[in-house]
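Trainee: Chain by chain, the residues run as shown.
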Amino acid sequence: MTGRDGDIRRAAARALTSNHSRAVAQRALATNHSRAVARRALSLNHSRVVARRALSLNHSRAVAVAGRS
Amino acid sequence: MANDTDTAAGEALCWRDQALAALDEGNPSRALSIAGQALGTLEAAGLRGGLDEAAVLVAVAEIEEALGRFADAGGTIGAAVGILEDCAAEYADDDSLLLWCQAQERQAGLERMAGDFTGAAARLNVVLDRASASLGEASLAVVSAANALGIVYKYASDLDAATAAYGRAAAALARLADPDPLLEAGLLHNLGGLAHSRGDPGAGIPLAERGVTLRAEALGPGHPDVARDMNALGALYQLAGRHADAERSYRSALAVFEDAYGPDHFETAMTLANLAVLHSDDGDFAQAESLGRRCLKIFTAVLGPDDAEVGLTLLNLAAAVAGRGRTAEAAELAARAAAILTDRVPPGHPHLLAAADALGQYSQPRDSGQPG
Chain L
1 MTGRDGDIRR
11 AAARALTSNH
21 SRAVAQRALA
31 TNHSRAVARR
41 ALSLNHSRVV
51 ARRALSLNHS
61 RAVAVAGRS
Chain S
70 MANDTDTAAG
80 EALCWRDQAL
90 AALDEGNPSR
100 ALSIAGQALG
110 TLEAAGLRGG
120 LDEAAVLVAV
130 AEIEEALGRF
140 ADAGGTIGAA
150 VGILEDCAAE
160 YADDDSLLLW
170 CQAQERQAGL
180 ERMAGDFTGA
190 AARLNVVLDR
200 ASASLGEASL
210 AVVSAANALG
220 IVYKYASDLD
230 AATAAYGRAA
240 AALARLADPD
250 PLLEAGLLHN
260 LGGLAHSRGD
270 PGAGIPLAER
280 GVTLRAEALG
290 PGHPDVARDM
300 NALGALYQLA
310 GRHADAERSY
320 RSALAVFEDA
330 YGPDHFETAM
340 TLANLAVLHS
350 DDGDFAQAES
360 LGRRCLKIFT
370 AVLGPDDAEV
380 GLTLLNLAAA
390 VAGRGRTAEA
400 AELAARAAAI
410 LTDRVPPGHP
420 HLLAAADALG
430 QYSQPRDSGQ
440 PG
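If you read the protein sequences in the order shown, they are chains L and S.
Numbering follows this note's numbering, in which position 24 of the first sequence is assigned residue number 24; successive positions increment by one, without gaps.
Plus 69 on top of the position in the second sequence (first one is 1) and you've got this note's numbering.
The hints are simulated quantities; they were obtained by calculation from the structure and are not laboratory data.
From a predicted model like this one, the values you see are computed outputs, not experimental measurements.
Glycine included, C-beta positions come from ideal geometry on N, C-alpha and C.
Check each hint, because a few of them may be wrong.
Pulled a few chain S residues facing chain L out of the computed Cβ check, cut under 7 Å [claimed, not checked]:
| hint | residue |
| --- | --- |
| 1 | Q106 |
| 2 | D164 |
| 3 | A217 |
| 4 | I220 |
| 5 | G262 |
| 6 | R297 |
| 7 | A304 |
| 8 | N385 |
| 9 | A388 |
| 10 | D426 |
The calculated label-pair distances, taken between Cβ atoms and stated as ranges, are [what the hints assert, rightly or not]:
| hint | chain 1 | residue 1 | chain 2 | residue 2 | range |
| --- | --- | --- | --- | --- | --- |
| 11 | L | A54 | S | A158 | 29 to 35 Å |
| 12 | L | V65 | S | A161 | 53 to 59 Å |
| 13 | S | A113 | L | A54 | 27 to 33 Å |
| 14 | S | E80 | L | A54 | 23 to 29 Å |
| 15 | L | A54 | S | L204 | 38 to 44 Å |
| 16 | L | A54 | S | A425 | 33 to 39 Å |
So here's chain L without its partners, still in its complex pose:
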């Protein structure tokens, strides 16, 4: 169980076992902001908020030697 499938199953398990998601859903009734939170509580079985990205790269700059002429 690796990669996205694993993430999905773990997330689903969390949704089933945690009181957290119910508390979040209750907050959703109050404010617009909480609607996004409620969506997360209802759709924890996807991990799409995180896009897989490449590593940052450094740059190698050449330095001229003074007085080479």
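Assemble chain S onto chain L, guided by the hints.
Mentor: Just chain S now, with coordinates in the frame of chain L:
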């Protein structure tokens, strides 16, 4: 309502993914346009200020960086971090933590570019602590943040600390199940760059060549990330005295960058800057000056007049101008370089020492005032 918002959020994240795909294909302008649709979708659904907007903003910041719009990227990533900090109590899952790590890492990259090495390193160490504790040392978040920390230390010229950070990234990468070859390619690129900073092209060239091979196999030879690899490999060849190989590498990178990003882009200027120094090394000071002035103009426009890259470009330009016999002008350029670098890099940094050395040499009373 929940279904509507869920659909809208899913649609926005689809736009985000398409935007990043366009970025990965080397088309950041199109990527930014698509990302705008993602934000518009969230706005229309009343989903601003939550995790989904933060996810889109992290992508927008990456795209803005790719476009060379660093000030915009700073504002965007600041907004993403603000949302994530505000929502930290509500979002306690691994996805949210990963997104927070990505946002913090991008903000640290911008701090590093601004010369705030201490702040960037501190931020990344917090990321590493949280990522390692919550996701495990053998996690992509640790690989990515440790790699970013290595870059910070490399630019600060704390090369032993950079070696340790890259070593941590490599160790975490080795423990990942089925790692993406592009991760190894990125790390090889950076280890090659570290060897360049140490003045050890013999150690760096095999690493950089292996990185180029891996990335070209995965992305094709005309991809901008392969061009980044080729520019870095060219610098190693140049350091090793393999000037023909260096010029071939630089020109290969330049063709890709000019095609993908245009003639006035940051990456184009980075390649022109190295090509200019190669011409100086070959004694072609006229061409070195011409290329040096071109990339100076780009860096000044993209990064601002007081950026460290501008300082180093002025220093290299001074060598070309001195090579043409205009020593007093070279001294002025070296003095400007030293002033900028003093504010932008730590004391004892090699570029700062080189600027002081150049200023001393060009300030000697031997100016003929005649072009060479």
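Trainee: Return the numbers of the hints above that this structure violates; sort them in rising order.
Mentor: 1 and 15
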